[in-house]
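Enquirer: Letter by letter, the chains look like this.
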Amino acid sequence: MSESDPLLAEVERCVRCGACLAHCPTYREEEREWAVARGRIALAEAHRRQQLPAARRLRRYLSTCLLCGSCTAGCPNEVDTSSIVRLARQQMIAEGSGGRFKAWLLRHILPAGKRLQRLFGLARLTRPLWARRLPRSSGLRLRVGTPAGGPARWLPELARPFLHRRRLPRTFGSGSPRVFVFPGCVSNYLNPEHTLSLLRLLAGAGADAVVPRGLGCCGLVALSAGENDTARRLARKNLDILWPKAGDRPDFITTPCGSCAYMLKVHFPGLLASDDERSERARQMSERVLPFSVLWQEKLFPSHHLNHSGQPKPPGTGPAPGSTGEVITWHDPCHLSRGLRVRKQPREILQSLEGARFQPMEEADICCGNGGLFSVLHPELSWKIARRKLKNVEETECSIVATECSGCWLQLGWMATQSERSIKVLSLPEVIERYRSGPEKK
Amino acid sequence: MNRSLVKQLRALVGKENVLDADEDLLLYGYDATPAGPVTAPEAVVLPGDAEQVAAVVCLANEAGLPLVARGAGTGLTGGARPLRGGLVLSTQRLNRVITIDEENLQAVVQPGVVTEQLQQQVEARGLFYPPDPQSRATCTIGGNLAENAGGPRALKYGVTRTHVLAAEVVLPQGQLVRLGARTVKSVAGYDLLSLLVGSEGTLGVFTEATLRLLPLPPARHTLLAVFAELEPAARAVVEVMRAGILPSAVEFMDGAALRCVEQYEPCGLPDSAQALLIVEVDGGPAQVAEDAAAVDRVLRRAGAVEVRLARDDAQAADLWRARRSAGPALARIAPLKVNEDIVVPLSQLPRAVTGIQDLAAEYDSRCAIFGHAGDGNLHVNFMADPSRPEEVTRVEEAVARMFELVVSLGGSITGEHGVGTTKQAFLGLEVPAAVMDVMRRIKRELDPAGIMNPGKIFPLTENDARAKDE
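As you go down the protein sequences, you meet chains X and Z in turn.
Using this note's numbering, read the first sequence as starting at 1 and increasing by one per residue.
Using this note's numbering, read the second sequence as starting at 443 and increasing by one per residue.
What the hints contain is simulated information worked out from the structure, not anything from laboratory work.
Mixed in with the good hints there might be a few duds.
As the list claims (entries may be wrong) - Now the in silico label distances, taken between C-beta atoms and shown as ranges:
{"no.": "1", "chain 1": "X", "residue 1": "144", "chain 2": "Z", "residue 2": "464", "range": "25 to 35 angstroms"}
{"no.": "2", "chain 1": "Z", "residue 1": "464", "chain 2": "X", "residue 2": "392", "range": "33 to 43 angstroms"}
{"no.": "3", "chain 1": "Z", "residue 1": "756", "chain 2": "X", "residue 2": "123", "range": "44 to 54 angstroms"}
{"no.": "4", "chain 1": "X", "residue 1": "273", "chain 2": "Z", "residue 2": "658", "range": "50 to 60 angstroms"}
Using N, Cα and C, we set each Cβ at its ideal position, and we do this for glycine too.
Build the full structure now, drawing on both the sequences and the hints.
Expert: Written out as structure tokens, the structure reads:
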């Protein structure tokens, strides 16, 4: 245990037993050694020891890791493959290898709030050039990022106006607890409803929920790509708003997206550890971050979770199959379920809904295949993984898939366009609202 | 590898099924063996049917290329590692369950089928494929056959060989043959199937297997017994078997293994625990309840300070937790773990366990023992820090003495893992020279070019492919 290099120190813990073969979603599809944690760890090690150059193939193999953490959960030594892969990607970037366009987007557009806003504005304006409207449902059929032989990539219509242009509560009033809400990019540009619904629920529960001005991307997509400097810049910027040096600090910080929550809670302290001015604040902030489901279930007493006789609704006691109640299933986002170990609360919430029946799906915690840039870089593989998810979703005979991550929401939305059934994909706050106001009010 | 060979391979199995980029070759040089050299093959071939396997083997013969068959790469003695470049033949694409024959209680499968997936499929039909090596969630039937894999249930149900009725095999010179018969009995000629099963890929490549299935036992009870001393626990194993009950598993852990596990994942075992037994009985519900009660009595009489009983799978999983965590817990505390899978006649178990602990003390090494004690099979783990050469040397000496002890007790140096490369030095302790000679002659006769997994079981010789290059 003499390694001081963080990548090699983690690699040393892998004994290549192959337990990950049974857990890796990409291995299930490809059945090649490069597509499983054991292989990727060996590749990262060889590159670190300068036995393999960062040629195109190596970069491609290492970019096929979803960072979903399934391997770590199934590993006898709990080897953290995600860290190893991130460190390897980081090193390849330091060596100057990698896609230029991707790097430009991540370094110069993502962290600059104004530029990102303009890019999305431009995208909305030029939509007919790169996508066309879907005939039967809302959303867009993309002309890019579509797998060969697979279905056209789906994207929701861009929001009009974007969330940051809306009138939202921006400063604390008198409610309690005081909560900062971090919308995340997808909710800001594509589906403001995730955040608006969350804000209504919090307000209804008496909380003082505020979307502070100036928040940017959480930076997870940059961190995953190995662009640590970019991720750090974003972390600084968001931290200074969410947990300022002086001024209003919230009791809790929440977000409709489990991946943003994971980034804020788990990675901000690490990224800012050597920032003298911010490391302590990042740690303090981290303690206040709660994914929406946890905040709702544990901090805001949910009187509406009780049934008519005032008793908590026991698990799985919705209307019987065949009755009028809608069937809802739940997809575990990787960063929520393994990243933050949150599994119980969303299920409790779904089980407590009046007028709906929660039907768990098989393999609910297997990655949906989005993986941030993964779905764009590897559309074929992404679709193969989504297809399995679709099968599991359809077997529940549900009409609604609920989840708590904007990446999963995008991927599941794409998946749902390929179902014979009519399946809605909703964020957890939207699902709660749907049943609080009665299932008839859509 | 020269371009024309790669081209010929591609013509045989398809372009995308021959891998020869450095990034790929690196990943087919290793398996789960803890130590030893890792060398990459020159090409990886993934055939799609038995005829392609035969064609690749023929080509390897013509070109004098070593060929190593590989399932999931979960072996522990280097069986799937290429030593002199050449080809790795991966069975990953041969992964179909061809039939599950409920009338004849048989399954016909390709070698790349994952053991646990087969088990789940047959269990869904009320059938049972018992062999349960530790890696069953990932290892393949082909690898299980090549290594004659065992597992806890071998005590009652036998090792992999017990469950193979027939197989289709590509012999080292490329002939595609069928061995055995799809019947429970067959004594037609030499039992070559038994020769091939457990031959560690040195005598052929399995392309299909007909496996014998059993009716799935409807009930299972699990008991966990804690002992304050080691020897009574080892003797209790013998007593359970003498009580007229054949458990489906009897697993054992010594005090050192227990303390590792308690640190890693506390299971609430008493501090005084020096040994632990897990006994599982299966069968009809009434019989199982009766057997469990009898085992409980025997364990208490033998000196168990505590016995816990699980009547369903969820409770059983809880009892198995300590045993299941043993491997990972040890891996976590010790940088280098020498895991030897010795086996002794059951009555010698107490002497083996105490003898090994004495050896560990004599050589001042840390040692933890756990395993499938019901059939006398123990996993002995010596731990050492690789950065301290003198510690490693002490472990090596202790291991050599342990093998001598095991053989003197009438046991075997490997119950499950095979010889591969890691146990070659000790094979002579157990196998007499005249028998070794027969084994070598069989190998030479069947594989005159020395292409099939050269350097496994026996050290590399001048008969093996590429000998002249060295």
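Enquirer: Take the hints in turn and mark each one as holding or not.
Expert: Taking the hints in turn, this is what the structure says about them:
no. : hint                                : result
1   : 144/X <-> 464/Z: 25 to 35 angstroms : holds (32 angstroms)
2   : 464/Z <-> 392/X: 33 to 43 angstroms : holds (37 angstroms)
3   : 756/Z <-> 123/X: 44 to 54 angstroms : holds (51 angstroms)
4   : 273/X <-> 658/Z: 50 to 60 angstroms : holds (54 angstroms)
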